[in-house]
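Asker: The residues making up each chain are set out below.
There are 2 protein chains.
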Amino acid sequence: MSDIFREVDNCVTAPQGFRAGVTACGIKSDSTIKDLGILASDVPCVAAGTFTTSTTRAAPVIVCQERLSSGRAQAVIVNSGNANCATGDPGLLNAYRMTEFTAQRLGIENELVLCSSTGIIGRQLPIEKIQAGVPAIELGADQGNAFSEAIMTTDTRPKRIALEFQIEGRTVRLGGVTKGAGMILPNMATMLCYLTTDAAIEHQWLETELHAAVADSFNMTAVDGDMSTNDTCILFANGLAGTTPLDARHPEAGTFREALRRVTQYLAREMARDGEGATKLMTVHVRGARDKADAVKAARAITVSPLWQCALAGGDPNWGRIVAALGASGCELDPDTYDIYIGDVQVVKQGMAAHYKQDAARAAMAGSDVTIAVDLHLGEGKATAWGCDLTHGYIDENTLYTR
Amino acid sequence: MSDIFREVDNCVTAPQGFRAGVTACGIKSDSTIKDLGILASDVPCVAAGTFTTSTTRAAPVIVCQERLSSGRAQAVIVNSGNANCATGDPGLLNAYRMTEFTAQRLGIENELVLCSSTGIIGRQLPIEKIQAGVPAIELGADQGNAFSEAIMTTDTRPKRIALEFQIEGRTVRLGGVTKGAGMILPNMATMLCYLTTDAAIEHQWLETELHAAVADSFNMTAVDGDMSTNDTCILFANGLAGTTPLDARHPEAGTFREALRRVTQYLAREMARDGEGATKLMTVHVRGARDKADAVKAARAITVSPLWQCALAGGDPNWGRIVAALGASGCELDPDTYDIYIGDVQVVKQGMAAHYKQDAARAAMAGSDVTIAVDLHLGEGKATAWGCDLTHGYIDENTLYTR
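Going down the list, the protein sequences come from chains A and B. 3 is the number of the first residue of the first sequence in the working numbering; add one for each residue after it. 3 is the number of the first residue of the second sequence in the working numbering; add one for each residue after it.
Don't take every hint at face value.
Below, simulated BS3-like cross-link-like pairs (lysine-lysine); rule was C-alpha separation at most 30 Å, straight line [claimed, not checked]:
{"hint": "1", "chain 1": "A", "residue 1": "131", "chain 2": "B", "residue 2": "351"}
{"hint": "2", "chain 1": "B", "residue 1": "131", "chain 2": "A", "residue 2": "351"}
{"hint": "3", "chain 1": "A", "residue 1": "299", "chain 2": "A", "residue 2": "384"}
{"hint": "4", "chain 1": "B", "residue 1": "384", "chain 2": "B", "residue 2": "299"}
{"hint": "5", "chain 1": "B", "residue 1": "384", "chain 2": "A", "residue 2": "359"}
{"hint": "6", "chain 1": "A", "residue 1": "351", "chain 2": "B", "residue 2": "299"}
{"hint": "7", "chain 1": "B", "residue 1": "131", "chain 2": "A", "residue 2": "294"}
{"hint": "8", "chain 1": "B", "residue 1": "359", "chain 2": "A", "residue 2": "131"}
{"hint": "9", "chain 1": "B", "residue 1": "294", "chain 2": "A", "residue 2": "30"}
{"hint": "10", "chain 1": "A", "residue 1": "30", "chain 2": "B", "residue 2": "131"}
{"hint": "11", "chain 1": "A", "residue 1": "384", "chain 2": "A", "residue 2": "294"}
{"hint": "12", "chain 1": "B", "residue 1": "131", "chain 2": "B", "residue 2": "36"}
{"hint": "13", "chain 1": "A", "residue 1": "299", "chain 2": "B", "residue 2": "299"}
{"hint": "14", "chain 1": "B", "residue 1": "131", "chain 2": "B", "residue 2": "30"}
{"hint": "15", "chain 1": "A", "residue 1": "294", "chain 2": "A", "residue 2": "351"}
{"hint": "16", "chain 1": "A", "residue 1": "351", "chain 2": "A", "residue 2": "384"}
{"hint": "17", "chain 1": "A", "residue 1": "359", "chain 2": "B", "residue 2": "131"}
{"hint": "18", "chain 1": "B", "residue 1": "351", "chain 2": "A", "residue 2": "299"}
{"hint": "19", "chain 1": "B", "residue 1": "359", "chain 2": "B", "residue 2": "384"}
Pairwise CB distance ranges (calculated) [what the hints assert, rightly or not]:
{"hint": "20", "chain 1": "B", "residue 1": "133", "chain 2": "A", "residue 2": "293", "range": "11 to 21 Å"}
{"hint": "21", "chain 1": "A", "residue 1": "55", "chain 2": "B", "residue 2": "137", "range": "54 to 64 Å"}
{"hint": "22", "chain 1": "A", "residue 1": "55", "chain 2": "B", "residue 2": "111", "range": "21 to 31 Å"}
With the Cβ distance kept under 10 Å, some of the chain B side facing chain A (calculated, not the full set) [stated by the list, open to error]:
{"hint": "23", "residue": "92"}
{"hint": "24", "residue": "126"}
{"hint": "25", "residue": "128"}
{"hint": "26", "residue": "143"}
{"hint": "27", "residue": "311"}
{"hint": "28", "residue": "318"}
{"hint": "29", "residue": "322"}
{"hint": "30", "residue": "323"}
{"hint": "31", "residue": "328"}
{"hint": "32", "residue": "331"}
{"hint": "33", "residue": "332"}
{"hint": "34", "residue": "334"}
{"hint": "35", "residue": "335"}
{"hint": "36", "residue": "336"}
{"hint": "37", "residue": "391"}
Note that these hints are calculated values from the structure, not bench results. Glycine residues also receive a C-beta, built at the ideal position from the N, C-alpha and C atoms.
Next up, chain A with everything else stripped away, as it sits in the complex (with noise of 0.2 Å):
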């Protein structure tokens, strides 16, 4: 981080009046896992969000896109252990009572407030669960931590993050939470993110710079167009640092954007690096590409290469199976022009075999964090993508996950 961020506690607790709170009221088998959360501002914000593109998109996604239609939000409520997806009416009207009992406990409008859940698709959520769980929560501006930990469902470790910064010499924060771990491959990973500041925000820039920070983050961990039924991420601004809305003739939107782009590609690389099963996070760095749509195809198709993940595994410079994945990715290609790296090390140089020893190769595969670069030397389109290798321990993960 470069010295104008610092690095501060309490992810999305961090910022100026925003306070959570957690509780286990029971939607999990083990009933001491904390399985419900609430995420709250003070005040009135102004809050944007993206959210899965899937046609069997969950009932809490429905309700979010719904209220974020008003450009302000105050709180989100978020279960885990049940995804309330494919629950037809019942599910919606659970959906909306999720926001009702918490709207009550915080004293707010109800249309302000937002939910998410997120687990096993198909079942009915246990609503007398939420409704007993929610007088339970107690909020407070250091539960932060607790938050982040009640979202998670295989991850197996939270994701979170906050960074303060300056605007007009006012101390402003940024904190964000995210969970995902079915992330080795893009079809059905769950993402749920927060995002919060108490930075004072234009709403029509705040969705721009959302969308933005979006495509260039988690959407470049594999989790786009091929969302699962209930990815969603949501950041809420509360005003209170005291700034003049930042929008994009504001001197300072620089900063605020530089701190969103931080903040959500750190989420997005801990996310990919936390994937079922994972020991190892890929970075792939693609240039040279006709235009920036190209790279992001050919960088997307590295990471989700399943023979390619199963390689990064076992350490293996099988730098074919790139090939093969770029071959596959729709992006132009010059089967004369392109160079691959893997870490350092030239693997494939205008299209051929590089020299290069077979040992430097391995020793760029052998750490967690390998870097794959790709340069095809056809224009100035540039993309990074995240992603992580394929092991028996996302077969493990998944192959009796309802049982």
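Since chain A is already given, all that's left is putting chain B on it; use the hints.
Answerer: Chain B alone, transformed into the frame defined by chain A:
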């Protein structure tokens, strides 16, 4: 098989005038394994092919595409153990040389010889081993089965079939072999398929029918847009059965079409069943889609969902993963109308959990053949796709492939 089609032995050498032969030339590290084969007709054939659409297609694919533009071919030479891909101009030269050795061996025109390679990407072919191997190949009309074995890579068993039927009162045969294996997930499979017939066939009709048959068979085992660098399917028709050339107006064109569909779908299904690490074949039927393209999207999305593939491995009727795959597939879907069946058990009715016995759903997933049916209730579009489960075996197969 209906009574008008009779299964016969010798697969690609079952039709009159086709011979094959194999040898172990030492491309594979175990020098006792047959890794080089030739399939040839006694006379020039009308021929057509379908190939990978990868931009990093292998050298032999380039050679086949170029030569098949004439609509004629007589033989193909195939090696396993090396894909001759990402090998630049030297690789292309080696591919041409393979055909020259074969033309000399058979005493036929070089332009009528095709070639295929499958195996590791990025290494130059040991062309001198191939040069030494070709003269050792003895061709025989009883060597179709040996040929089907020589083209295997990680396949656990050969995939082969031949059918006999009547056209114009004459006996006609159609044979086929294929190799698959890295087929569990679609991105990187290398599929090679050779089909032979002694029917006489008009070239344009042959090409049309081959493309249509491949679309409903191999391309539905998750090998189409995402094909590997080497995917190849070639049909040779030598006309020795003495029928008048088949075309769209021939009264018995439908008989050949049906034989071609049966052979290609049988081979496609067996390829899925023999996917790397596979223990179960899944057959996915989608009906009621807005149109066929939508049905194809939906069916394929289910077969390639790694989470559903893991559930299949565990015999876990976690149909929420089918819902998620459908939602992300891009097919038109009404969340309140779709039904899902596992075997005979309806698990989803109108987008929500149906009333069913969990034991019955588990029983429907217990065998080695599992059928999934989806009815979208939106139109007349239907499609069938084949896939397999995802197991430790896949990971083990692919973690240390090049070592």
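Asker: Identify every previously stated hint that the structure contradicts and give their numbers, smallest first.
Answerer: Hint check: 5, 6, 7, 9, 10, 18, 20, 22, 25, 26 fail, others pass.
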